[in-house]
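Residue numbers (this note's numbering), protein chains in the order written: chain F, 43 to 307; chain B, 43 to 307.
Hints may contain errors.
Just so you know, same-sequence chains aren't split out, so a pair can sit in one copy or run between any two.
To be verified - Below, a list of computed lysine-lysine pairs in the BS3-like style, where the Cα atoms sit at most 25 angstroms apart: (1) Lys102 - Lys286; (2) Lys279 - Lys158; (3) Lys226 - Lys301; (4) Lys158 - Lys226; (5) Lys150 - Lys303; (6) Lys263 - Lys48; (7) Lys286 - Lys263; (8) Lys303 - Lys226; (9) Lys303 - Lys68; (10) Lys70 - Lys48; (11) Lys162 - Lys48; (12) Lys150 - Lys263; (13) Lys137 - Lys303; (14) Lys48 - Lys279; (15) Lys281 - Lys226; (16) Lys279 - Lys226; (17) Lys279 - Lys249; (18) Lys162 - Lys54; (19) Lys249 - Lys301; (20) Lys249 - Lys68; (21) Lys226 - Lys263; (22) Lys102 - Lys137; (23) Lys301 - Lys150; (24) Lys286 - Lys171.
Please keep in mind that the hints were generated in silico from the structure rather than gathered at the bench.
Protein chains: 2
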Amino acid sequence: MAYRLKETGFAKRIIGVDNDPQNLSKAKELGWIDDAMLLEDAIAQTELIIIAIPVDATLKLLPALMEKIGNQVVMDVGSTKKMICDAVAKSAHRKRFVATHPMWGTEKSGPEAVVKDAFKTRVAVICDKENSDADAVALVERLYTTIGMRLVYMDAASHDVHAAYVSHISHVASYALSLTVLEKEKEEDAIFELASGGFESTVRLAKSNPDMWVPIFMQNKDNVLDVLNEHISQLRKFKSCLEKENYEYLTELIQNANKIKRILK
Amino acid sequence: MAYRLKETGFAKRIIGVDNDPQNLSKAKELGWIDDAMLLEDAIAQTELIIIAIPVDATLKLLPALMEKIGNQVVMDVGSTKKMICDAVAKSAHRKRFVATHPMWGTEKSGPEAVVKDAFKTRVAVICDKENSDADAVALVERLYTTIGMRLVYMDAASHDVHAAYVSHISHVASYALSLTVLEKEKEEDAIFELASGGFESTVRLAKSNPDMWVPIFMQNKDNVLDVLNEHISQLRKFKSCLEKENYEYLTELIQNANKIKRILK
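Construct the complete structure from the given sequences, taking the supplied hints into account.
Given below as structure tokens:
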């Protein structure tokens, strides 16, 4: 995000705040940030505070931070929205906060995980916009459109349902696929020589960090469980087709699954 | 394959044979083939016959074809190997056949699905090589190394086990994920606006053609069922962690899934 805000000229000066000084040194060396500071020192010097940390850490940090700000705008970029919005619902400065989720990311983390053209053409969700000041929302909208994102608006609870379907379940499926295959690898060393692009594609998300993802699953537990139950029941249909050698129904299932082409080019 | 064999100069002349004359016209127009013919006419004019059709069609075509050849080499490129090898085990010309599986493909089909650098750096499996003439194997080895593939040798039954783990299960998982999300889309139109790169990556294989994939699942039913059962049981572990709010074990599962990084860069 810092890299794209610099690159597009949206930000004149970026102050980095991080628990890990090595990340800050690296980010400064790479030019993604201009200065590194403690949070308390940074707050006074900035117009816009972007919270980009695991969602459990956001939940701890954000309510306290909201007490320390004046007229600055605060936004978060976390993958869950309901619990985060609830946590600041009573804050005196609630209207300076904008709850967002840019739907872009990779399985990597740290300053060296920077990706050229990051965020471009993807959707940024802004939640519960009526709870934020118009100028705060406008600033955040300008940020996202500057880095090439399209804007979508919804309430925090709807966001969490949608995110469970289009993002969180993909991670669960990919983690489980990785475990399935690693289980086999114990017996057979050669297996990964054969790994093709299809396998790499479905298992890519399994490289994602638990520090980021466990809190997401915790905060979106009910929705993720709903989708996971549906997913397991879909897999059971494939299992039953194979067991019963019902290849007509198997063909039908696959034809239905192919309909995803209508939606994802 | 035709495109890469032309591009690398491996083949001087390529004769296309296809059930669909439109595919042949398009392939000729694009320059992937020099001539289009009926199979009977093509056989007499070629040194190497490459069978690249769904595995159920291979099973029907191959035994009859093996009766019609002289000293030509026949190879197939199907995703299953055991049933195909069994089908020609008694052929008089068995030794002119080489059973192979280049571990590369996309979810697309037809002459316009051609991909630059296709096959490069991936593994080609050659099965039961001791059942083929040395000169036939050498020709096929030269073909695969010319298009940039690495060679791996194994028996047909082992191939099918490995393929179930590193390819077939990824397709089942992706089909099921597509169905899971499409099920939800019935209720909510907006959902796909949010689809991120992670979702696209896990669901890409769900665009794959049932004409190709149902026969693969049929021919590799037992192995696919084994892996699918394992996969469902891994998903149940995630479900149980969420239901019981056992986030320590969830972290452990994800840390174990992350070990896929050791294998796939």
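Structure-based check of each hint:
When the C-alpha separation of lysine 102 and lysine 286 is checked against a cutoff of 25 angstroms, the pair qualifies only between copies, where the shortest distance is 23 angstroms, while the shortest distance within a copy is 52 angstroms. When the C-alpha separation of lysine 279 and lysine 158 is checked against a cutoff of 25 angstroms, the pair qualifies neither within a copy, at 41 angstroms, nor between copies, at 37 angstroms. For a Cα distance limit of 25 angstroms, the shortest separation of lysine 226 from lysine 301 across copies, 13 angstroms, qualifies, whereas the shortest one inside one copy, 32 angstroms, does not. Taking CA atoms no more than 25 angstroms apart as the test, lysine 158 paired with lysine 226 passes in neither setting, with 36 angstroms inside one copy and 33 angstroms between copies.
In the homo-oligomer, the alpha carbons of lysine 150 and lysine 303 lie at most 25 angstroms apart only across protomers (11 angstroms), although the nearest pairing inside one protomer, at 27 angstroms, exceeds that limit. In this assembly of identical chains, the alpha carbons of lysine 263 and lysine 48 never lie at most 25 angstroms apart, being 36 angstroms within a copy and 53 angstroms across copies at closest. Taking CA atoms no more than 25 angstroms apart as the test, lysine 286 paired with lysine 263 passes between copies only; the shortest distance there is 10 angstroms, against 34 angstroms inside one copy. In this assembly of identical chains, the alpha carbons of lysine 303 and lysine 226 lie at most 25 angstroms apart only when taken from different copies (16 angstroms versus 32 angstroms within one copy).
In the homo-oligomer, the alpha carbons of lysine 303 and lysine 68 lie at most 25 angstroms apart only across protomers (23 angstroms), although the nearest pairing inside one protomer, at 41 angstroms, exceeds that limit. For the homomeric pair lysine 70 and lysine 48, the shortest alpha-carbon distance inside one copy (12 angstroms) is at most 25 angstroms, but the shortest distance between copies (49 angstroms) is not. Within a single copy, lysine 162 and lysine 48 get their C-alpha atoms as close as 15 angstroms, which meets the 25 angstroms cut-off; across copies the closest is 37 angstroms, which misses it. Taking identical chains as interchangeable, the C-alpha atoms of lysine 150 and lysine 263 lie at most 25 angstroms apart only when both belong to the same chain, with a minimum of 23 angstroms there against 36 angstroms between chains.
In this assembly of identical chains, lysine 137 and lysine 303 lie within 25 angstroms of each other by CA distance neither inside one copy nor across copies; the values are 41 angstroms within and 42 angstroms between. Taking the shortest Cα distances, lysine 48 and lysine 279 never come within 25 angstroms of each other, neither inside one copy (49 angstroms) nor across copies (43 angstroms). In this homomeric assembly, lysine 281 and lysine 226 come within 25 angstroms of each other (Cα to Cα) both inside a single copy, at 19 angstroms, and across copies, at 21 angstroms. Taking identical chains as interchangeable, the C-alpha atoms of lysine 279 and lysine 226 lie at most 25 angstroms apart whether they share a chain (23 angstroms) or sit on different chains (17 angstroms).
In the homo-oligomer, the alpha carbons of lysine 279 and lysine 249 lie at most 25 angstroms apart only across protomers (18 angstroms), although the nearest pairing inside one protomer, at 28 angstroms, exceeds that limit. In this assembly of identical chains, lysine 162 and lysine 54 lie within 25 angstroms of each other by CA distance solely inside one copy; the values are 20 angstroms within and 44 angstroms between copies. For the identical chains of this complex, lysine 249 and lysine 301 are inter-copy neighbours only, at 8 angstroms across copies versus 28 angstroms inside a copy, given an alpha-carbon limit of 25 angstroms. Only within a single protomer do lysine 249 and lysine 68 lie at most 25 angstroms apart by alpha-carbon distance; the minimum there is 22 angstroms, versus 41 angstroms between protomers.
When the C-alpha separation of lysine 226 and lysine 263 is checked against a cutoff of 25 angstroms, the pair qualifies only between copies, where the shortest distance is 17 angstroms, while the shortest distance within a copy is 29 angstroms. In the homo-oligomer, the alpha carbons of lysine 102 and lysine 137 lie at most 25 angstroms apart inside one protomer (19 angstroms), although the nearest pairing across protomers, at 69 angstroms, exceeds that limit. In this assembly of identical chains, lysine 301 and lysine 150 lie within 25 angstroms of each other by CA distance solely across copies; the values are 14 angstroms between and 30 angstroms within a copy. In the homo-oligomer, the alpha carbons of lysine 286 and lysine 171 never lie at most 25 angstroms apart, since the shortest distance is 51 angstroms inside one protomer and 34 angstroms across protomers.
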